[in-house]
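Residue numbers (my numbering), protein chains in the order written: chain A, 32 to 329; chain B, -12 to 262; chain C, 57 to 340.
Heads up, a few of these hints could be off.
Claimed, not checked - Okay, the calculated beta carbon distance ranges per label pair: (1) C:ALA220 with B:LEU73: 16 to 26 angstroms; (2) A:ASN283 with C:LEU93: 31 to 41 angstroms; (3) C:LEU66 with B:ALA6: 25 to 35 angstroms; (4) C:TRP95 with B:SER(-1): 38 to 48 angstroms; (5) C:GLN182 with A:PRO195: 54 to 64 angstroms.
Because the hints were derived from the structure by calculation, they are not lab data.
Backbone N, C-alpha and C fix where the C-beta goes; we use that ideal spot for every residue, glycine too.
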Amino acid sequence: MAVCKVCLAWATQLNTIDKGMDKMRHRLLTILLLLMVLVPVAQAVEQIRVAGSTSVLPIVAEAAKHYRQLHPGLSLTVSGGGSGVGVASIDQGLVEIGMVSRELTTSEKIRLQGKVKQMAVARDAVAVAVSKVVYEGGVRRLSLAQIAAIYRGEIKNWNQVGGPDGRILVIDKESSRGTRHVFAKMVLGSETARAPGATIVTGSNNEEQAAIANSGRAIGMLSHAWLNDAVRAVAVGEADKAVLPTFENVTNGSYPIQRQLNLLVSETSGEAGHLFVDFLLSDQGQRLVQQVGYLPVR
Amino acid sequence: MLRFWLSFSALSTALVIAAVLGFLLQASWPLLQSQGLGFVTEPDWYPYEALYGLLPVLVGSFWSVSLALLLAVPTGLAAAILCAELLPAHGRYLLRFSMEVMAGIPSVVYGLLGLWLLLPLLESQLDLLTGRSLLAAGLLLALMILPTIMVFSEAAIGAVVREQRETASLLGLDWSARLLRVLLPQAWPGIRVAVLLALGRAMGETVAVMLVVGSLDRLPQPLYNLLQPAQTLTSRIGREMAEASVGSVHWAALVASGLTLAVVAMALSLLVQRR
Amino acid sequence: MTRTQLSKLLIVGLALPALFVPAGCLVYILFKGLPALSWSFIFSATEGTGFGASSGILAQLLGSLLLALAASLVATPFALGTAFYYRLYASPRQQRLLVGLLNMLQSIPPIVFGLFGLVVFVHFLQWGVSLLSGAVILALVILPMLVLNSIASLERIPREYTEAAQSLGLKHSAVIGRVWLGQAWPGILTGQLLAMARALSETAPILFTATVFSGVIWPTSIFSPVTTLQTHIFYLAQEGNNQEVTQIAWGSAVVLLAAVAGFSLLARRLSSWSDKARVITSEE
C-alpha cells in the first residue's frame, strides 16, 4: 500500500510538471511499472519466518528445503543471530518460530508466558573444541575444573594442561548465545557467568569454528555438529572418566554439556508454524536432523 | 499545489534529522533513568548484570579512529600532492580514477580482506595470540578512508588557482616552498574537509570493524595497548542490536551508543561547516 | 641535494603506501574472486541450506539491486521536491539552514539509521523485516547526497534560462518541467546512479531490518524480506576455513564490486557526456 501511495505521489508530481520530459519520465515510469508488476503489493502469502540460534539453523534450513517442496505456496525464511535473537524476535512478533539452543531464563519465561510453545526438535552436545595443533600436541582431555580455570584466566598456557608450550587463545561467545548459556552453566556455574580469561568474543558457531581453526592454540565452545578435522573435541571429565561428545554419550547422559535444541512456536500467529514443527518431529524430519549431524529427540 | 508539495518535501527532509535525534534521545531515556550518567565512565559492559559501561567502546572507537587517521592522512595527503603536482596528466587521471574506484568498495569486502588477509598477517608478523585487535581495526579503517582523503585533498590542491602558482614562481619560491607556503595553506580548507569526512566515515564504519576487532568489552590493559581485542561503538551496536528487546535497558544502552556516534558525527559536521 | 629534490623524494616516499596498498588489495580481491565466477554462479539461486556452502547468488544479486532501486525510488521524490523548493521558494536563511541540516544528516553513521529503522519501521509500523523497511532506511542514508547533488545540478543552470522562462510568463511548474529538468536531468540522474552505488554498499543498516539468511529468491511483496550480496558476504565471512565458502565469498565480493563500479562508471559517463553537450550548446 505504501509503495502505491509513493508511486502515485511521484506520478502526480510528474503530471504537474509539463510533458516534454519524455526521457526522464519514461525511464521512471518503466521502472515503476516493472516494479508494480514484479513486486506486487502485500499479498496475503502464507509465511513462516524463523530466526535465532545458529546451532539450530542447519536443521531448520535443511527441513525448510524439503518442506517448501511439500508446500509450494509457502514463504519460509530463515535467519541466524543467536538464541537471544530468537527469543527477542518471537517476543516482538517478528517471527513465527524462534530457534533457541538452550533453556529459557526465568525472565524470558515470564516475558513469553502464554505466547509461545516450546518444542524440542533435536539433541546436541556442546563440545569443548581446541585447535588441531593443540589436540595433536597432547591435549585430549580436560576436566571441568581445568576448563573453568582457563576461562577464568587462571590457566594461561597450554603446557599447564598437558599440551605444547604456548599461550591459550580463549574464545568466548556473545553472552546471549544458547551455546554459551549451556557451556557456562556446566563449566562456570551459571548461564550468565562471566569469563574474565576470555581473549576474544565471537558470535555464531560458524565464526567460532573459523576462529578456532585458523588459530593454532585456541579453545572454544561449539555445537558438536561443527567439529571437523581442524577443530577437535576434547574429552571432558576427570582422568579416567573423561567423556567425548559422541552420540552414545549424549544419549546415555554421560557427556555433561548437552542440551535440547528448541523451537519456540508462536501461539498467536496461525497454524503454519505448528505444522512445520510437526514435520520436524515426524520420522522424515528426525531423519533430516540426523543427516545434518544432530541427535533426534527420541 | 506545486508549492504545497515542494514545501512538504523540504519540510520532511528537514524534519528527518529531528526525528532521528528525537528517537535516539527518547530511546536512550530508560538507561538514564536506571543508571543516571554513571554509565559513561563505567568500564564494564555486561547486560546480564545490568552493567552498561560506555567507556570500553569510547576508548576502542577513539583508538581505532585515531590510528586510522594517523596512518591515512600523511600518506593520503602525500599521494594527493603527488597526483596534483608531480604526475603527468595520464598518471593523474589514472590515480584519481583508481582512487574513486577504491572509495566505492563496500565495507563488507574490506571485512573479508581484514579477516582473511590482515589478521593472519598480523598474527604471523607480530607473533600475536590473535590478530583481532584495535590495531587491525585501525589498519583496516586507514585503508578504507585513504581514497576519500586522497580524492578530496587532490581536488583541493588542484583547485588552487593558476595565478597563485605562477605568482609564487615569479617571486622566486622553489617547488617545496611553493608547496608549503602557498598551495597547502590555500588548499587547507578543502583538506580539512577531507580529513573530517574521513574521520566521520571511520567512526561510523560497522561491518568491517565488527569482524576484526575482537568484540571484547574490556578496557585495553594498559590503556594504550592496541594489540588487544577490544570493542567499538559501532561493533557493539552491530553485534547486539537484534538480540536486545526494544524498550529494555539493554536496548536503551545500545541506542545510547548510537546517540554518542550521532552527536560526535554531527559536531564534526558542524565543524566542517563553520570557519 | 636541493631542498626541492629532498621534499619531492619525501612526498613520493610517503605516498607509496597510498599508491600500492589499495591497488594491491583490489588486485587481491580480483585474484581471489574471479576464478569463482561462472554463468551458473551468478545466475542461479540456491536454497541456502546447511552452512551456506552452496553457490549461486542470483537471489542475493537481485535483492541488492532491488533494495538499491527501491531506496532510490523512495528518496527521489523528496530529494527533488526539496531541491526545487530550495531554488524556487527558499529564502537565503532557509537555504543555509537546509544545507546545514543536510550535511549533518549526511554525517550520521548508517548504523544509527538502522537502529532508527528497526524501531520505527520494523516494530512500530509493523512492517517487519522487509524490503520496504530496508528501502526506507537506505533512502534516509542516501537522501542528503541526492538533495545536495540535485541542488548542485540545478545551480549549474545559468540564471538567464530561468529568468527568460519567467519573463515569458511560464508558471513555476513549467519552469521546473521544461527548463530545469530539461537542463539538469543528466546531473540529477548522475546523482541517482551514485546514490544507488552507495546503497549497494551499505550492509549494517539492512542486516537486521531487511534481510534474512535464506528462504527468499524473489520477494513476493514489499513486506517480504530479501537476501542481498552484502549480507550474504557478511554471513560467509564468518566461515573462514571452508575452501568452497571462501571462494563463494570472494566471488560475491567481485560481483558486488562490479555492480557498484558499474553504477559509478555509468554516472561518470553521463556526467562527462552532459558536460560535452553543455559545451556544444553554449558555443552555439
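Flag every earlier hint the structure violates by its number, smallest first.
Hints 1, 2, 3 not satisfied by this model.
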